[in-house]
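Peer 1: Protein chains in written order, with our numbering: chain A, 370 to 525; chain B, 113 to 773; chain C, 338 to 515.
If you are wondering where the hints come from, they were derived from the structure by calculation, not from laboratory data. A virtual CB, placed ideally from N, CA and C, is assigned to each residue, including glycine. A few of these clues could be false.
[Unchecked claim] Partner residues are not named here, just some residues of chain C that face chain B (Cβ under 7 Å, in silico):
hint, residue
1, R339
2, G352
3, A356
4, W412
[To be verified] No more than 25 Å apart at the CA atoms, straight line, and that leaves these computed lysine-lysine pairs for DSS-like:
hint, chain 1, residue 1, chain 2, residue 2
5, B, K449, B, K526
6, A, K465, B, K526
7, A, K465, A, K400
8, C, K375, B, K494
9, C, K441, C, K427
10, C, K427, C, K447
11, B, K647, A, K400
Read off the chains here:
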Amino acid sequence: MRRLVCALAAAVLAAGPACAVLPSEQLHDPKLEARARHVGEELRCVVCQNETIDESDAPLAHDLRVILRQRLLAGDTDRQAIDYIVARYGHFVLLKPPFEAQTLLLWLGPFLVLGVGAVGLGLMARAAARSSEETAPLTAEEAVLLRRRLEGEDAP
Amino acid sequence: MTPEIGQLALSLALMLALVQAGALLVGAWRVDPSLMAVGRTAAGLQLAFVALAFVCLAACYVDGDYSVQLVAEHSNRAQPLIYRIGATWGSHEGSMLLWVLILSVYGCAVALFGGSLRETLQARVVGVQGVVGAAFIGFLIFTSNPFVRLWPAPPDGAELNPILQDPGLVFHPPVLYLGYVGLSIAFSFAIAALLEGRVDANWGRWVRPWVLAAWIFLTVGITMGSVWSYYTLGWGGWWFWDPVENASLMPWLLATALLHSCLVLEKRGALVSWTLLLAILTFSMSLVGTFLVRSGVLTSVHAFAIDAQRGVYILGIIAVLTGLALGLYAWRAPALKTGSLFGLVSKEYAITVNNLFLAAATATVFLGTFYPVFAETFNGDKISVGPPYYNLTFAPIFMLLFVVVSFGPMLNWKRDEGAALLRRLRSPALAAAAALVLAILIFGVRHAMAAIGFALGAWLVAGAGVVLARRWRLGEGARADRLRRIRTTPLAVWGLVFAHAGLGVTTLGITAMAGWQANLVTTMIAGQRVVISGKHVTLTGVRTVQGPNYEASQAAFQVDTLAGPRVMVSERRLFPASQTTTTQAAINVGLFGNVYISIGEQSANGGLVVRMWNHPLVDFIWGGAFLMAFGGAVSLADRRLRVAVVRRARRPAASPAPVLP
Amino acid sequence: MRRLVFLAPVVVFAGVMVAFALGLGHDPSVLPSTLIGKPVPAFSLPPVRPGDGGLASPQLASGGGPRLLNAFASWCVACRVEHPLLLGLKAQGVPIDGLDWKDKSADAEKYLTQQGDPYQRVGNDESGRAGIDLGVAGVPETFVVDGHGRVRYKQVGPITPDDWTRTIQPLMERLRRE
Chain A
370 MRRLVCALAA
380 AVLAAGPACA
390 VLPSEQLHDP
400 KLEARARHVG
410 EELRCVVCQN
420 ETIDESDAPL
430 AHDLRVILRQ
440 RLLAGDTDRQ
450 AIDYIVARYG
460 HFVLLKPPFE
470 AQTLLLWLGP
480 FLVLGVGAVG
490 LGLMARAAAR
500 SSEETAPLTA
510 EEAVLLRRRL
520 EGEDAP
Chain B
113 MTPEIGQLAL
123 SLALMLALVQ
133 AGALLVGAWR
143 VDPSLMAVGR
153 TAAGLQLAFV
163 ALAFVCLAAC
173 YVDGDYSVQL
183 VAEHSNRAQP
193 LIYRIGATWG
203 SHEGSMLLWV
213 LILSVYGCAV
223 ALFGGSLRET
233 LQARVVGVQG
243 VVGAAFIGFL
253 IFTSNPFVRL
263 WPAPPDGAEL
273 NPILQDPGLV
283 FHPPVLYLGY
293 VGLSIAFSFA
303 IAALLEGRVD
313 ANWGRWVRPW
323 VLAAWIFLTV
333 GITMGSVWSY
343 YTLGWGGWWF
353 WDPVENASLM
363 PWLLATALLH
373 SCLVLEKRGA
383 LVSWTLLLAI
393 LTFSMSLVGT
403 FLVRSGVLTS
413 VHAFAIDAQR
423 GVYILGIIAV
433 LTGLALGLYA
443 WRAPALKTGS
453 LFGLVSKEYA
463 ITVNNLFLAA
473 ATATVFLGTF
483 YPVFAETFNG
493 DKISVGPPYY
503 NLTFAPIFML
513 LFVVVSFGPM
523 LNWKRDEGAA
533 LLRRLRSPAL
543 AAAAALVLAI
553 LIFGVRHAMA
563 AIGFALGAWL
573 VAGAGVVLAR
583 RWRLGEGARA
593 DRLRRIRTTP
603 LAVWGLVFAH
613 AGLGVTTLGI
623 TAMAGWQANL
633 VTTMIAGQRV
643 VISGKHVTLT
653 GVRTVQGPNY
663 EASQAAFQVD
673 TLAGPRVMVS
683 ERRLFPASQT
693 TTTQAAINVG
703 LFGNVYISIG
713 EQSANGGLVV
723 RMWNHPLVDF
733 IWGGAFLMAF
743 GGAVSLADRR
753 LRVAVVRRAR
763 RPAASPAPVL
773 P
Chain C
338 MRRLVFLAPV
348 VVFAGVMVAF
358 ALGLGHDPSV
368 LPSTLIGKPV
378 PAFSLPPVRP
388 GDGGLASPQL
398 ASGGGPRLLN
408 AFASWCVACR
418 VEHPLLLGLK
428 AQGVPIDGLD
438 WKDKSADAEK
448 YLTQQGDPYQ
458 RVGNDESGRA
468 GIDLGVAGVP
478 ETFVVDGHGR
488 VRYKQVGPIT
498 PDDWTRTIQP
508 LMERLRRE
């Protein structure tokens with residue numbers, strides 16, 4: 370469906386057809402071209418909303434790829450080239466959102482969950498360690514279960 | 113006439129779903145067998161009417177009844193029959209009808225095959241299914257009626273989105289929904305248990321096969337979707353972190369956690385309230401996914417036609433279903449008997465750690481998917497969250513998880529010894545170290561991350577192998593004994609081995625794709641030869657061909673592989689009815705990787721724009737995933753899961769008899 | 338304490354539901370402008386109408402009241418929907434300048450001859466660079482530029498009569514008094 374959205378956008382927006390990275394766009398310097406591809410993969414196409422400008426068929430994405438390469442040729446760092454586009458289309462184009470106050474929960478959330486869970490697990494292990502000091506002998510039920518398991522019915 | 117029959121059937125199904133829910137829940141509460149019998153019958157009839165409605169819609173598509181709006185919008189006469197049938201679920205309304213149909217199938221299955229469950233528990237499970245069913249049939253009827261007529265009827269229909277005219281459409285959605293919706297059973301079981309105030313090892317035994325079945329379908333469904341996007345999108349991506357993909361990944365992650373925690377509950381009676389919570393959340397994630405796809409709250413490449421009213425309705429359903437479930441949980445779960453404790457070095461503990469990582473991974477995907485909504489709602493900020501975010505958060509969490517995966521099966525229940533454990537894991541550790549060193553030697557320190565990925569893959573595969581080795585004790589006893597041990601390996605063990613090894617295989621594929629993909633974009637003329645990753649590719653010719661409802665420019669390539677030259681054909685198809693172009697990539701599948709070619713426009717001077725990739729080990733990604741699903745199926749087929757049921761069911765049980773399908 | 342742990346899921350869930358409900362009202366495909374409060378970026382464009390002066394950014398800051406800068410193109414379907422409204426605004430005396438985005442000037446000239454010409458000045462931005470500097474993602478988009486040449490508002494997509502009376506007109510009134 371991605372392609373359909375693009376095709377529609379292209380039909381509405383395009384004078385001429387364009388398609389992902391074109392041979393004519395590529396820079397002669399392979400190192401610089403590799404950088405351009407890499408930066409392009411971190412920027413979101415604003416027309417085809419869920420593609421990077423590197424993959425997008427939209428004419429605007431083509432323009433942005435060309436601009437990106439012009440900036441790199443002019444000696445911009447990756448960061449400067451990205452900022453150039455952000456200045457025009459906003460933070461929305463960054464597929465990697467900046468780490469700032471507003472995205473704190475986004476970046477730290479996963480590790481917060483891990484941390485809280487780890488504390489829970491630690492408490493669990495401590496409780497078990499305490500109770501195992503006073504472990505009772507097997508109950509009759511457990512003994513039956515144990516015998517059955519030992520007879521080869523055991524589970525993985 | 114057919115659409116009206118379908119419409120009527122749908123309305124009757126709504127009534128029956130309400131009867132099913134009411135009779136079963138009240139019947140279970142009053143312990144009234146006749147009322148519960150009424151409810152079970154209603155569940156059967158509800159399935160019959162939903163199926164009738166579905167058949168009616170499919171018939172409209174097959175007949176080409178363009179007086180039905182949905183049919184007119186999503187099919188035309190030129191479309192091949194198979195895609196007219198597939199188009200039944202190629203639209204929002206149709207896919208929702210399929211969703212409801214599968215829900216009814218599951219509900220009816222519990223009503224039919226759950227005969228040896230505790231009767232009130234069974235009644236409550238099927239009753240909750242009825243509640244969910246009524247909510248979604250109502251959603252269909254009130255916001256998304258598939259049977260709306262057009263007047264006057266157009267002579268021919270528009271076209272099903274050409275991208276969907278692919279075998280993928282025929283298989284991917286039904287299988288995926290079998291997974292998604294199958295998780296409703298776990299949800300219903302959790303609610304039923306909370307209503308009964310009683311959860312024991314048997315409950316885990318009853319739920320696990322349902323979760324396992326849904327998990328298998330979900331795994332296969334997601335994998336098929338990934339393969340489909342790989343060959344159809346023209347640049348060989350296999351996963352995009354698109355909201356809709358995430359919507360299927362979140363239930364999968366939680367279902368995987370649930371499978372394992374059910375095991376602990378079943379074998380050891382522990383993790384009771386956690387398992388209930390997981391069961392509720394897993395299906396809730398399916399619901400959230402449905403909301404996400406159909407409400408327009410996020411832009412996604414997959415999103416259906418956006419309609420805020422539908423969004424509000426589904427949000428209402430989620431608020432009520434999940435809200436009540438979690439409320440019930442907060443009220444009843446604290447009173448449940450807590451399970452037995454287990455030590456730090458035990459299988460239970462390893463599985464709990466696995467659950468923690470899976471839950472954190474789910475939280476990551478959830479945050480990444482919905483943070484843009486939250487940010488815009490609360491600060492008015494437009495932000496995007498894309499692959500770089502997941503590489504920095506999801507990937508490390510999963511790498512930690514992979515370390516634990518090989519520990520689990522090596523551990524004994526309840527209590528084990530650390531030193532002995534490490535001894536058992538010596539060979540997987542050696543395999544991982546060897547893979548690490550080898551990868552660094554071959555590819556250099558620059559690719560250290562990829563080398564770690566390789567090591568983890570090796571660790572997982574070897575870890576799975578050691579499970580068998582330990583069981584067979586190949587060094588001990590007489591030959592006959594060893595053979596007996598090999599022969600009597602339970603299917604459940606095989607299932608585990610396949611599933612964990614599959615995870616390792618997938619990891620190898622993902623790592624190779626992330627580390628060593630090669631790409632070439634160029635203009636070629638016929639006869640020209642280029643080299644990609646050491647392979648010679650020649651453009652042999654370009655021609656135009658006529659398809660059933662499209663026109664294609666076709667380029668033939670020859671690639672020289674170790675097994676001799678291969679012909680590859682790549683197409684660009686133009687569908688005149690919708691003026692849409694699709695790409696059919698040419699893919700040369702090899703054990704160690706694919707050569708992938710998609711073509712673009714032909715330029716004025718006769719040159720053809722060609723994009724070419726070398727995708728190392730990409731097929732491992734899906735091969736491993738199918739291996740995981742196969743492991744699940746093998747485990748599901750374990751005779752102890754089925755035979756034990758029959759044996760116990762026959763016994764006039766004093767204790768509640770477990771049952772499995 | 339133990340009870341609280343069990344309450345946590347339902348509380349978190351309620352928060353998520355509230356966020357979803359609020360989020361439903363937003364259109365995720367509309368991007369806000371990064372230029373609000375900032376001067377219009379520098380550009381100087383050749384004319385669409387032969388013998389006309391084209392459009393250059395300093396002209397937008399030539400004192401006087403606020404004006405509209407409308408990005409359009411002859412190939413754009415939505416622009417045709419918006420066009421009658423622009424002609425109506427011109428009749429009311431609202432100053433509008435046109436930026437003909439990614440378009441051939443001959444096509445645009447024909448378009449304006451056929452559909453009517455609501456613009457005081459029109460510049461042809463064939464390469465699209467001026468539009469990109471303005472953050473145009475598609476046409477039509479319309480900027481409200483104040484008397485000092487600063488962007489104050491951006492409308493994405495065609496202006497509806499509702500957008501005009503509820504948002505843009507009141508804003509322009511306010512800017513006129515500034």
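Peer 1: Are the hints correct? Go through all of them and say.
Peer 2: Outcome of the hint check:
Hint on C:R339 holds. Least Cβ distance to chain B is approximately 6 Å, under the 7 Å limit. Annotation: interface hint on C:G352 violated; nearest CB of chain B at approximately 10 Å, more than 7 Å. Given hint, C:A356 at the interface with chain B, holds; its Cβ is 5 Å from that chain's nearest Cβ, closer than 7 Å. Because the beta carbon of C:W412 sits about 14 Å from the nearest beta carbon in chain B, more than 7 Å, this interface hint is broken.
Straight-line distance between C-alpha atoms of B:K449 and B:K526 comes to about 18 Å, which keeps the hinted pair within the 25 Å bound. Only pairs whose Cα atoms come within 25 Å are accepted, and A:K465 paired with B:K526 is rejected, the gap being roughly 43 Å. Straight-line distance between C-alpha atoms of A:K465 and A:K400 comes to about 23 Å, which keeps the hinted pair within the 25 Å bound. Distance hint between C:K375 and B:K494 is fulfilled; the C-alpha atoms sit about 19 Å from each other, no more than 25 Å.
This hinted pair checks out: C:K441 and C:K427 have alpha carbons roughly 24 Å apart, not beyond 25 Å. Of the pairs offered as hints, the one joining C:K427 and C:K447 holds, with about 19 Å between alpha carbons and a cut-off of 25 Å not exceeded. Under the criterion of a C-alpha separation no larger than 25 Å, the hint pairing B:K647 with A:K400 is consistent with the structure, at around 22 Å.
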